[in-house]
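Chemist: Residue numbers (this note's numbering), protein chains in the order written: chain A, 81 to 203; chain B, 2 to 134.
The hints are simulated quantities; they were obtained by calculation from the structure and are not laboratory data. Treat each hint with caution, since some may be false.
Okay, the calculated bits of chain B under chain A, using three or more residues with CB under 8 Å as the criterion [as the list claims (entries may be wrong)]:
#1 6-13
#2 63-71
Across the chosen pairs, the derived CB separations fall in these ranges [stated by the list, open to error]:
#3 B:R97 <-> A:P150: 17 to 27 Å
#4 B:R100 <-> A:R153: 37 to 47 Å
#5 B:D88 <-> A:G137: 50 to 60 Å
#6 B:Q110 <-> A:G129: 26 to 36 Å
#7 B:V47 <-> A:R153: 37 to 47 Å
Just so you know, even glycine gets a beta-carbon here, dropped at the ideal spot from N, CA and C.
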Amino acid sequence: VANADTGAAVEVETQIAASPETVFEFFTDPDKMIQWMGRSADLDPRSGGVLRCDINGRDVALGEYVELEPPRRLAALHGAAGDIGSRRRRRRRPMGDAGGRRLRDLTLIKTRRKRGRRRWATR
Amino acid sequence: MSVQAAERDQTDRAAKALAEERRREILSLIGEGELSAGEIAGRFDVSRPAISQHLAVLREAGLLGERREGTRRLYRVRPEGMAGLRDFLDRFWSQRLERLRLAAELEQQRRDKRGKRRHGRGGRGGDSDRGKP
Chain A
81 VANADTGAAV EVETQIAASP ETVFEFFTDP DKMIQWMGRS ADLDPRSGGV LRCDINGRDV
141 ALGEYVELEP PRRLAALHGA AGDIGSRRRR RRRPMGDAGG RRLRDLTLIK TRRKRGRRRW
201 ATR
Chain B
2 MSVQAAERDQ TDRAAKALAE ERRREILSLI GEGELSAGEI AGRFDVSRPA ISQHLAVLRE
62 AGLLGERREG TRRLYRVRPE GMAGLRDFLD RFWSQRLERL RLAAELEQQR RDKRGKRRHG
122 RGGRGGDSDR GKP
């Protein structure tokens, strides 16, 4: 997860004993996503499609898919839902460069086959 | 105060400082390069004292560094001030990924079982991964 403004990034990697097809669905199927992230999700997994995830009943991650190459690669831009309302306010009252982008955080997921074994890494 | 308590305190202060949208905007702006308080204030539609107050909070949270250049004070981002928050986020994502791993592996086992049952009945198709190494 990287912030497009500051470049600050959190990079995590794990190995999953499942096919990329199986893993990929956990980023595109709402019922599967909420098994590991959030309480509810509204997903439209196509480029430009909405990605909305209620994280804890209070905080909502809202964004859009920007790149999907099933089952290998997925990228999404997102921010907190509150930021979007703030940006609307900023549009009416421009404040220069700090106006920022609505969606500032990029999540990039890459799956790859581990050679010789049926294990896959999600990064 | 122990080292751990001090680190927690620093993380709390950083999180509180970042909880305010204007301060996040200021931080993003300064992230592009060192700026004076006047230059920062010029980018926002708020009073100079309000900006100074935000800068003070960010500085006390360890997120901003400052230096003097003549009569000006120049502010820069201190990435090291984010260390505690970064650790928290790393842990957060590690936990999420562990949940993802467990859920995906369980799902894969279900699919494999379904595929074997279909195979046992002599049917074709089944899990698309069956047969792969």
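Chemist: Look at each hint and say if it fits the structure.
Modeler: Hint check results:
1. Coverage of the segment 6-13 of chain B by chain A is violated in this model, with 0 residues showing a Cβ closer than 8 Å to a Cβ of that chain against a need of three.
2. Check on the segment 63-71 of chain B: 0 of its residues sit with their Cβ under 8 Å from a Cβ of chain A, so the three-residue criterion for coverage is violated.
3. Between B:R97 and A:P150, the C-beta spacing of about 21 Å keeps the proposed range 17 to 27 Å intact.
4. Taken as a hint, the range 37 to 47 Å is violated for the pair B:R100 and A:R153, whose Cβ atoms sit roughly 21 Å apart.
5. Remark: the range hint 50 to 60 Å for B:D88 to A:G137 is contradicted by a beta-carbon distance near 25 Å.
6. For B:Q110 and A:G129, the hinted distance range of 26 to 36 Å is satisfied, since their beta carbons lie about 30 Å from each other.
7. B:V47 and A:R153 have their C-beta atoms about 41 Å apart, which keeps the hinted 37 to 47 Å range intact.
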